[in-house]
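Student: Spelled out from the first residue to the last, the chains are:
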Amino acid sequence: MLEIEGLCKRFDEHLVVNDLSFTVQPGEVLGFLGPNGAGKSTTMKMIAGFLRPDAGTARIGGADIVNDTLQAQSKLGYLPEGAPAYGDMRVDRFLEFMADMRSLRGELRRQRLASVVHDVHLESVLAQRIDTLSKGFRRRVGLAQAILHDPDVLILDEPTDGLDPNQKHEVRKLISNMSAEKIIVISTHILEEVEAVCSRAMIIANGRLLIDGTPLELAKRSRLHGAVTLQMKDSGEAVAALQDLPGVVTVENDEALGEITAIGNGSQNLLASINDLVRERSWPVDGVYQKHGRLDEVFRSITREALT
Amino acid sequence: MNAVTALFRREFHAYFATPLAYIFLVIFLVLTGVFTFYLGSFYERSQADLESFFTFHPWLYLFLVPAIAMRLWAEERKSGTVELLLTLPISMWQAVIAKFLAAWSFIAIALALTFPMWITVNYLGAPDNGAILAAYIGSLLMAGSYLAIGVCISATTSSQVIAFIVTVVVCFFFTLAGYPLVLEAFRGWLPDTLVQLVASLGFLSHFEAIKKGVLDLRDVVYFAAMIGFWLYAGAIVIDFKKAD
Ligand SMILES: Nc1ncnc2c1ncn2[C@@H]1O[C@H](COP(=O)(O)OP(=O)(O)OP(=O)(O)O)[C@@H](O)[C@H]1O
Ligand SMILES: [Mg+2]
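Note that the protein sequences, when read in sequence, are chains A and B.
Residues 1 to 308, numbered by this note's numbering, are exactly what the first sequence covers, in order.
Residues 1 to 244, numbered by this note's numbering, are exactly what the second sequence covers, in order.
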């Protein structure tokens, strides 16, 4: 279990992480979201034992990162922001070095090295110096070292940044495959990634937790969640008629696109009543569809509120 | 392999990953030769000892050891690997010591490669080999002190160039601390007891007996204490400036 308790970090006079508390259970993949400068990386650095919190602590499988640092760190795999690695080393030598630093020995060491090289697809660059690698390959080397010792807890700061679409897909698959018995925390700016791999998402801004829930719960917070769009030209009466339906809050008419969208308050299903209305009035409609809330829209509205 | 050994090996190999190691070794060996035979009047003294060889060690170390030390932490900070290193299950202390020992071992190798000097003097006469060994050990200890200063200063910056220059300046001060050049600068405004203290910190003064082959316990303690103090200060600096 990963327990974060009252974590605070101050840089100069600026409170960058402000009393953050949460718990993550094995099997959960937590997506850590927030605008640039929200304090995501700072939080991860504290969980990984690099920065000392000004207040609060993190416990990794019961081991306190502040008082029992080495014990806690041994249970942790960490990909720092930007995936730093020793540029003067070859990929294979670097991974062997990391295996030694993790005190892996003998058959297990050999087997883990082979396994991560295969999982992260590093076969083609094993003999290359790290500072000659492309950005995506560097990120993959960073990912490989983080999962090398098969840790219980993985902290990955933007693991898919700079990867090509195929590799993004591969890495997401890898994360999903590992997720069953592990605790995984990833930070990302790619919201479709949250929907693809995370079982839980948190949005922070100015170091404060704004919202915490499943990606679906978050999406439901969207103004547009459950809204119904009609593809038709407004003959004059449609907007007014829709406006009068029970449960409809606003109606937006996009003349250029030829779309009319009825936005509800989220408590009522509008689709049935709108379908009835369309049939009753025999409007010339090309299509009717219901919208799902979009995470990016929720992200924008929630963080904009917090930042103003 | 445990983490300290692994880090030691990585750091040691890192010197040989670039041409730096070979350049350093060549310069070190050429300069020891030049100093000993030209400036040190090795032949003219007609003595079967290596004093003219050891006399110049502080001056060699003054410029060459900072070049070895500068990358130790500045490079980690520049490339961000310090974050990787210090989130591995290895304590700050172990990391500082493993890196120090790797650099020190490299200097030990450079020193060991001066063995032709020892062969030459044995060929020409019958020197006191015990005294020569003692001087070698003392010289290595002094190199460790220069190196420890470099470790601490390398931890304060992410620029290797700045680390090098500042280390040379600080090392210059400690080299000459017992001599009028430095002491005069302090005499005006420091109480006499403190000036005495500064005077007792000079590398040259503590190397005086060692270069003649006399390994006095007080000098050994002095250099060991210098190493301990500067490594301790280095660990504090790294901890303090980690976030930057
Ligand atoms: N060492 C430091 N000294 C001073 N301020 C810092 C330091 N490190 C981070 N900050 C500040 O703390 C805030 C949070 O930074 P952090 O890197 O945690 O953001 P983030 O959420 O990871 O952003 P991004 O999405 O851009 O990666 C920023 O305003 C940053 O400028
Ligand atoms: Mg970040």
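Treat the hints with caution; some may be incorrect.
[Stated by the list, open to error] Below, in silico cross-link-like pairs of lysine-lysine (DSS-like), each with a Cα-Cα straight-line distance of 30 Å or less:
hint : chain 1 : residue 1 : chain 2 : residue 2
1    : A       : K168      : B       : K78
2    : A       : K220      : A       : K75
3    : A       : K173      : A       : K135
4    : B       : K242      : A       : K135
5    : B       : K242      : A       : K75
6    : A       : K220      : A       : K233
7    : B       : K78       : B       : K242
8    : A       : K182      : A       : K135
9    : A       : K135      : B       : K212
10   : B       : K242      : A       : K182
11   : A       : K182      : A       : K291
12   : A       : K173      : A       : K220
13   : A       : K135      : A       : K75
14   : B       : K78       : A       : K135
15   : B       : K212      : A       : K75
16   : B       : K242      : A       : K291
[Unchecked claim] Counterexamples of contact, computed for chain A against chain B with all Cβ distances above 10 Å:
hint : residue
17   : M89
18   : R279
19   : T303
[Said to hold, decoys possible] Not the full set, but computed from the structure, chain A residues with beta-carbon under 8 Å of chain B:
hint : residue
20   : C8
21   : G87
22   : S103
For the record, the hints were derived by calculation from the structure and aren't laboratory data.
Built from N, CA and C at the ideal position, the CB exists for glycine as well.
Student: Looking back at the numbered hints, which does the structure fail to meet, lowest number first?
Tutor: As far as the earlier hints go, 2, 9, 11, 15, 16, 17 and 20 are violated by this structure, in ascending order.
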